[in-house]
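Peer 1: Residues per chain, in single letters:
2 protein chains.
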Amino acid sequence: MDQSEPSTDKKELIFRAALRLFNANGFDRTPTSQISREAGVATGTLFHYFETKEELINALYLRCKDSMLREVMAGFDKAVPFRAGLRRVYGNLIAWAINNSGEYLFFQQFSNSTLIGDKTRETGREKFGPLLDILDEGVRQDLIKTVQPDYLLYLISGMVMSTTGYLLDHPEKQRDEGFLEQSFGMLWDSIRQ
Amino acid sequence: MDQSEPSTDKKELIFRAALRLFNANGFDRTPTSQISREAGVATGTLFHYFETKEELINALYLRCKDSMLREVMAGFDKAVPFRAGLRRVYGNLIAWAINNSGEYLFFQQFSNSTLIGDKTRETGREKFGPLLDILDEGVRQDLIKTVQPDYLLYLISGMVMSTTGYLLDHPEKQRDEGFLEQSFGMLWDSIRQ
DNA sequence: CCATAAACCGACTGGTCAGTCAATACCCAC
DNA sequence: GTGGGTATTGACTGACCAGTCGGTTTATGG
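Protein sequence lines, in the order shown, are assigned to chains A and E. Each residue of the first sequence is one higher than the one before, starting from 1 at the first, in the working numbering. Each residue of the second sequence is one higher than the one before, starting from 1 at the first, in the working numbering.
Read the hints as simulated data drawn from the structure, not as lab findings. Heads up, some of the hints might be wrong.
To be verified - Which residues of chain A face chain E? A few of them, derived with a C-beta cut under 7 Å, are:
#: 1; residue: Gly26
#: 2; residue: Asp28
#: 3; residue: Tyr154
#: 4; residue: Met186
#: 5; residue: Asp189
Idealized CB from N, CA, C, for every residue including glycine.
From just these sequences and the hints, can you work out the full model?
Peer 2: Shown next as structure tokens:
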């Protein structure tokens, strides 16, 4: 119950080990035996907390999703001008991905994996709900191009992922505010009216 | 040797079965036994042509890469104005992905897989060489923003992938020239000076 | 101090799969 | 036709791994 002492919480240890190993070797090349060894627990303990390996993966996904959601909309204010609001969300998203690169990479791997079920995929869409609302508002205010909002979402996701990928490959740019501003400028130019 | 009768070419049959099954179930959830059964050959035959499963995957990757390369630069002419040239390559890329969605999806899965080696990843980069040259030229002519060309490449790849993903999810848009033009317009707006 | 339940352990099992191999079919040159 | 190489077969093996289970420790409350 107490979140302030997670280092002895075995479930937490399992999550961390799994995240590290999944990113290093992929789901199928990471035996549960290795996860439990790395977490310092017995195999049985892992299966005490998670019924199957797949359930562990899905639980980890939800955990990552929550971690992201918590940050993405932070400090967003509807009253603020549209472009500035979008800029805020953009910065939040990229900051989260860089500060939680493990979670981010796992996210990517999971999304592209064939073991993701329709239900989980759908839930994944929901997380973009708030962002879709923002875009709708932009279209209504005639600030951005009249395009299907869900295509906009595809496009923006792609641009954010590209930028994140670039920043993870070029860490020296991560603290470069000018670069972030320029990259957002490019995103803005592509969608603005 | 004769490519006109590939239906009896077992290697070809194996490639096709593997592509289909990898896309449906992923690499690790596709046993070689299933590939060979689907291809109508014995397990031994598969291993006669490919030393290991991993070699099969890599060979398939190279095959897809070649298929793409063959089309992407088709009809490209340095003499043509910059924007038009880029538009051509853009259209080629998306057309290839749509007409070869199996290859395209495999490509994605392979790129995000942890089993891709550094050597193969490097070779993958090379394939964008010609595109990098085009972008360099655009920067030199002051037609597009002064950004690191390799960031441009990340960004454009992301936008192309987004658009392709959208088109695969919304087939009714695939023959919509207006949509293609608009999506290129957005790409162009994001990079133009 | 005891009782009870939950957490935890790790040897073990049943099944799966990449890759082998010995045997057979096919092909072509001489 | 005969010798030698290549293609093809599929039963088989050895390794590996998800998940089980019987038993032990720890935490809690009476």
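Peer 1: A separate judgement is required for each hint: does it hold in the structure or not?
Peer 2: Quick rundown of the hints versus the structure:
1. Given the 7 Å rule on beta carbons, the hint for glycine 26 of chain A holds: about 4 Å separates it from the nearest Cβ of chain E.
2. The criterion of a C-beta within 7 Å of any C-beta in chain E is met by aspartate 28 of chain A, whose closest approach is roughly 3 Å, and the hint holds.
3. The interface hint given for tyrosine 154 of chain A is met, as the beta carbon of that residue sits about 4 Å from the closest beta carbon of chain E, less than 7 Å.
4. About 4 Å separates the beta-carbon of methionine 186 of chain A from the nearest beta-carbon of chain E, less than 7 Å, and the hint is met.
5. Hint status for aspartate 189 of chain A: holds, given a least beta-carbon distance of 5 Å to chain E, under 7 Å.
When each numbered hint is compared with the structure, no violation occurs for any of them.
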